[in-house]
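S.K.: Residue numbers (our numbering), protein chains in the order written: chain A, 1028 to 1257; chain B, 864 to 960.
Possibly wrong hints are sitting among the right ones.
[Said to hold, decoys possible] Derived DSBU-like pairs: lysine-lysine, alpha-carbon spacing no greater than 30 Å straight-line:
#  : chain 1 : residue 1 : chain 2 : residue 2
1  : A       : 1035      : A       : 1129
2  : A       : 1033      : B       : 869
3  : A       : 1251      : A       : 1217
4  : A       : 1159      : B       : 884
5  : A       : 1256      : A       : 1130
6  : A       : 1130      : A       : 1102
7  : A       : 1216      : A       : 1102
8  : B       : 884       : A       : 1217
9  : A       : 1163      : B       : 869
10 : A       : 1033      : A       : 1102
11 : B       : 869       : A       : 1102
12 : A       : 1251      : B       : 884
13 : A       : 1163      : A       : 1251
14 : B       : 869       : A       : 1130
15 : A       : 1033      : A       : 1217
16 : A       : 1102      : A       : 1035
17 : B       : 869       : A       : 1035
18 : B       : 884       : A       : 1035
19 : A       : 1256      : B       : 884
20 : B       : 869       : A       : 1216
21 : A       : 1216      : A       : 1033
22 : B       : 869       : A       : 1256
23 : A       : 1035      : A       : 1217
24 : A       : 1130      : A       : 1163
25 : B       : 884       : A       : 1129
26 : B       : 884       : A       : 1163
27 : A       : 1129      : B       : 869
28 : A       : 1256      : A       : 1102
Rather than coming from a laboratory, the hints here were simulated on the basis of the structure.
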Amino acid sequence: MAYGFKVKNVNNEIQIDGQYRNYCFVEGDNNVTITNGGGVTNYWTHISITPSSEPPLILFQPNTNAYVTIDSYSKTGNLYNGFNVVTQHPGIGVNSTTINWKKYLPTSEESTNTYGLRVYNNNNELVYDSGKNYFKIHAVETINIEADDSPVTITHSDISNPYYILAPSGFWVLAIPGQAIMFLKVGLKKINATQVSLGWFMFASGAYPPWLPQEYGGISPTFKLIICKV
Amino acid sequence: MSYGLKIYDSSGNVVLDITDKITRYRYSTEAPSNTNGSVELSDISGIQSVEFSLKLDTTYNTCPHLVTRSGNTISWSHQSGDNYSSANSLIFIFLYT
């Protein structure tokens, strides 16, 4: 940027840059129950959010009893109005858990503080407001895990009880010919304040269809676990 | 404090410390299913970014786009195969150093 305002921390990393907007906390909830109905049309729990035309960013904390992930966002017209959370299939034994979640948006609404620091960009959009809680990435882990691998433990000893973003969602089919077909995703399960488990879990099942072209298959991309300071 | 900006709230709590990192929002777009795309962002040179995608539908066997960075170019490609198909995706790019 040729002019403006920029602040760096002691590690020479940018904190505030008048060129960019930042996402800040706007809403959230704790101990929200997530259940799985077991079928391909009722495996997720929908959580409504205040509609916005800007794309929201949802961070979550899993619980210790089951794998869970934010599978998708929902939208009606031009407005993002919710997200869908998936936990384990009833056949695994535990098909209910709870999460805490927080939603962030690049809102231009000023805080109510009458003191502090506010920075705007050259479009007069709010870039930084010291009265707001901003989205902060603490670390990003990349994980490769195949569907038949054991879960991976991620340790973040320098931060306790962070929130997470896990992306993208994987998908895997595991079929027993003539019997059943199982669908798997990757999710997170809390171990303790500084450790989380990332693993594949069954989220839906059905009868074995005669058209199934192969017994095993799907996509297991490199997953990104974004560890966030809140 | 060696140097930097430190901001306190009215109770004396630090709301911005000299070691904090605030993540900057750089780019987002919606990628329709079965399409690929890319964007070149010359200003991200030398800055660490995280780029990722999220699904915009609940169909059980759809997958979001894969997002990668090469130099200053962010690319996204749809994913489809024998047992799964491409979803509409929301692509995000954030800068964090």
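S.K.: Each hint should be assessed against the structure and marked as holding or not.
M.R.: Taking the hints in turn, this is what the structure says about them:
no. : hint                : result
1   : 1035(A) <-> 1129(A) : holds, 26 Å
2   : 1033(A) <-> 869(B)  : holds, 14 Å
3   : 1251(A) <-> 1217(A) : holds, 17 Å
4   : 1159(A) <-> 884(B)  : holds, 14 Å
5   : 1256(A) <-> 1130(A) : holds, 13 Å
6   : 1130(A) <-> 1102(A) : holds, 15 Å
7   : 1216(A) <-> 1102(A) : holds, 27 Å
8   : 884(B) <-> 1217(A)  : holds, 25 Å
9   : 1163(A) <-> 869(B)  : holds, 16 Å
10  : 1033(A) <-> 1102(A) : violated, 35 Å
11  : 869(B) <-> 1102(A)  : violated, 39 Å
12  : 1251(A) <-> 884(B)  : holds, 19 Å
13  : 1163(A) <-> 1251(A) : holds, 16 Å
14  : 869(B) <-> 1130(A)  : holds, 25 Å
15  : 1033(A) <-> 1217(A) : violated, 37 Å
16  : 1102(A) <-> 1035(A) : violated, 36 Å
17  : 869(B) <-> 1035(A)  : holds, 11 Å
18  : 884(B) <-> 1035(A)  : holds, 9 Å
19  : 1256(A) <-> 884(B)  : holds, 9 Å
20  : 869(B) <-> 1216(A)  : violated, 35 Å
21  : 1216(A) <-> 1033(A) : violated, 38 Å
22  : 869(B) <-> 1256(A)  : holds, 18 Å
23  : 1035(A) <-> 1217(A) : violated, 33 Å
24  : 1130(A) <-> 1163(A) : holds, 13 Å
25  : 884(B) <-> 1129(A)  : holds, 19 Å
26  : 884(B) <-> 1163(A)  : holds, 6 Å
27  : 1129(A) <-> 869(B)  : holds, 25 Å
28  : 1256(A) <-> 1102(A) : holds, 27 Å
Hints 10, 11, 15, 16, 20, 21 and 23 from the list above are not met by this structure, while the remaining hints are.
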